[in-house]
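Those sequence lines, one after another, are chains A and B. If you're matching positions, the first sequence starts at 8 in my numbering and goes up one per residue. If you're matching positions, the second sequence starts at -7 in my numbering and goes up one per residue.
Calculated directly from the structure, the hints in this document are not laboratory data. This structure is a prediction, so every number in the text was calculated from the model and none was measured. A virtual CB, placed ideally from N, CA and C, is assigned to each residue, including glycine. Keep in mind that the hints are not guaranteed to be accurate.
Label-pair distances were calculated between CB atoms; the ranges are [claimed, not checked]:
#1 B/R41 <-> A/P473: 36 to 42 Å
#2 B/A133 <-> A/D409: 48 to 54 Å
#3 B/R41 <-> A/G222: 48 to 54 Å
#4 B/R41 <-> A/D361: 33 to 39 Å
#5 A/N412 <-> B/I14: 46 to 52 Å
#6 A/D409 <-> B/P52: 42 to 48 Å
#7 A/D141 <-> B/R41: 17 to 23 Å
#8 A/D361 <-> B/A65: 22 to 28 Å
#9 B/N281 <-> A/D266: 21 to 27 Å
#10 A/N193 <-> B/I18: 33 to 39 Å
#11 A/A445 <-> B/D50: 15 to 21 Å
#12 B/W138 <-> A/G222: 45 to 51 Å
#13 B/W138 <-> A/E398: 35 to 41 Å
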Amino acid sequence: MRRRQIMAMAAGFPAAMAFRAQAQSESGASLTYGQSTAVLTLDPVHGSFTLYPGGYEAALCLYDGLLSFDPSMRIVPQLASSFQMGPDLRSCTLKLRPNVRFQDGTSFDSSAARFNLARLADKQRNPTNRPLWDPVGEVETPDVETVVIHLSRPFSQFPNSLAHASGAMVSPAAVQKYGEAGIAKNPVGAGPYRMVRFDPGQNLEMEAFESYWGGKAKTQRLVFKSISEASTRVSALRSGAVDVVDTVPVSLVAQLKRDPTLRVVTSSSLRPMGFAINLTRPPLADLRVRQALNLAVPVETIASKVFFGYAQAPDSPLAPDTQGYAPVSKLIYDPAKAKSLLTAAGHGPDKPLDLVMYVSSGLFPGDVSVGEVVANELQQVGVRVQITKVESGSYWDALRQDRANLKWDLALFGFNPSNASGLYQLDSLFKSNTDDGARPDVWNIGRYRNPDVDRLLRQAETDPEPAKVAAAMKQAQEIIWHDAPYIWLQINDNVTATRKQVADVQVWPVVFTVLRDAGT
Amino acid sequence: MLGVLAYRLGMMPLIIVAVVTILFIIFQFIPGDEATLVAGATATQSEIRQVRHQLGLDRPILVQYGVRLGELAHADLGYSPTFRGNPLPRILERVPATLLLTASAITLAVVAGVPAGLFAAFFVNGWPDFAISAAVVGLLAVPNFWLGMMLIALFAVQLHWLPSIGLNGPLTLIMPTVALAARLIALIGRITRGVVIEEMRKDYVRTARAKGLSDRVTLVRHVLPNALIPIVTVIGLQTGYLLGGSVVVERLFDWPGIGDLLLTAVGLRDYTLVQGITIIFVVGFLLINLAVELLYRLINPRLR
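Produce the complete structure using the sequences and hints provided.
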């Protein structure tokens, strides 16, 4: 008997603990979102919501920013009703919306905005997203509804920083109350939803904020659940346990489309994938060789066969929804021409080109398959490719080596400009490094160097005239496209699926599934 | 018995130190640099250097090892970039869910496996025996993640009878328990059958029958207590497997336990978190083994 009691207690205790931890009420209009990445922290600084896109998607419901994006990544007003960049691009003046309250009842005004901008600009407190916030200097508040932000250099993409999800406005009173460390678990913003319960890494429960300046949200209760396993996420949607899931594997989309109770929502991403070419290798410094490598790869086939059509071929170094994008020319698949270019560059059966290819496994969609397809196509034109699959933990490090330790000739890479700015993307990928022998400044890992591109990018950053900026961007894209510092590959779609009756779920090109306006 | 308990508990810190040492050595050889990961993809070289200094990764390896042991003595697992600090509370809050799943799987395995084995032994070489043996082979051959996916496809997606994710009431416990227990049910069924058939041939069984006891009473009163010893041994040996299986099953059913957290930690390359969860798994394994050993002594008078 005694033995049995002990057994019962041993089994009952964890049960009681576990059930209590998960107990939750089911009432009112409610939406549940099964997320591929977890929400771990909810502070725009100190690691900026930690995981992309999971934490940012939650932040877009809890917080408003001064500006925001619409689903096609155009900048729209939010807590600021209007903004104006100074003529020298060294300042930005914002008019704030009146009578806005944070979820703790305190009012949002220019001093609250200044408090938040200072937090974002502080390198100690905010070590992430530095390129977005580094130029922020002094912030003036002439009155409660006006903010003037001074910039340390001309910075045309500053509105993109303000619209970026990390530019979330936090209640200064709440930072005071919970402390710098506590706000990550007790977010208080001026967004349409306020936090009810938060178990980092598992669940985030929110409810509509009654006094939201834009009117109360359509859904009363919003729950974010982390479900990292893709098949589990899709089953949860099909069984009705969740209403929305993100990052649906393209191989499962057809199955979901056949289900009349579901809806598939897609958007094209801003991240053109490609193989960065190591330009420090003598054979690869030859433009003809790089053109040949591009001609040998059937990108349309990769998009339709590897990604079931949920990808497209690029026609510029930027994806079409990126700000500043200008189409240059279509990619051509012509293995015969590739062969003749290689022969002209001195490579043939007796002197073949040997290349080391680095691919990640699991960091990019279909990365290993894409690597195999490309390697196979390159073999067809006589290039010998040795594929190296690099462990995820060391992939970025292997890519961003100093010149002496650069072991690869081709490395799979793609850059997602999270502020939607094409200039930010071209700057990060193609602006000349300060020192090509050292590690790259940002992501110019192949050591591309073209003074004309540098000049055009500088012009795009500092010219106050939008037409001239657009022209400079267009010209820079043309030069880079023809210089072929990459083997250009596909632009993947973001695929989200919802239950049919759920409306207004937005899928932003920057991989965000946005539920702030969603309802049934 | 108290002596054994004291000895085993006394050994535990030593085993933990050994595990930490092995982990420490392994992590020295894993590719990738922790400071680069913590600093983020866009960090400059000086920022990475600063992070390396903050994390103490620029100190000599033996000093780092000493610091690690010192931290552990104060229940500090180190800096986890995922949770921005000591991850121990975050790990411990997930332990009950894993305990619940493991306990429930062991219970199901015993409740289903022992009677199945007895039944098969009772009708040895008859059709119930063949049917049960076939089921045993089937359950052993099926990997738990595949069984779990099939259960979800049938009972959650098609029939809508059972919830497929999370821990939210007794119904959510059913499918993960079955998926996790399947192999153990088969093993217990098989061992029960074998042991019972062997015991039935022994003298005490003949004596029991000779004094007029029915087959059923002989089986339950006399044979089963003797057969329990190898069955408990199997459970003890399989607990490690069960904890390992819980990693896959928890991920599949989005179960909020430490196995799921371990996969998340691996995905995020959070070495501190991986190490912390490994230590918790080891402690759990040691404790369950200790419990099995005590149970062993309870049911086997010769060991007292």
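These are the hints, each one checked on the structure:
1. B/R41 <-> A/P473: 36 to 42 Å: 40 Å, holds
2. B/A133 <-> A/D409: 48 to 54 Å: 52 Å, holds
3. B/R41 <-> A/G222: 48 to 54 Å: 49 Å, holds
4. B/R41 <-> A/D361: 33 to 39 Å: 35 Å, holds
5. A/N412 <-> B/I14: 46 to 52 Å: 30 Å, violated
6. A/D409 <-> B/P52: 42 to 48 Å: 24 Å, violated
7. A/D141 <-> B/R41: 17 to 23 Å: 19 Å, holds
8. A/D361 <-> B/A65: 22 to 28 Å: 54 Å, violated
9. B/N281 <-> A/D266: 21 to 27 Å: 47 Å, violated
10. A/N193 <-> B/I18: 33 to 39 Å: Since the Cβ atoms of A/N193 and B/I18 sit about 37 Å apart, the hinted range of 33 to 39 Å holds.
11. A/A445 <-> B/D50: 15 to 21 Å: 19 Å, holds
12. B/W138 <-> A/G222: 45 to 51 Å: 49 Å, holds
13. B/W138 <-> A/E398: 35 to 41 Å: Given about 26 Å between the Cβ atoms, the range is violated.
Hints 5, 6, 8, 9 and 13 from the earlier list are contradicted by this structure; the remaining hints agree with it.
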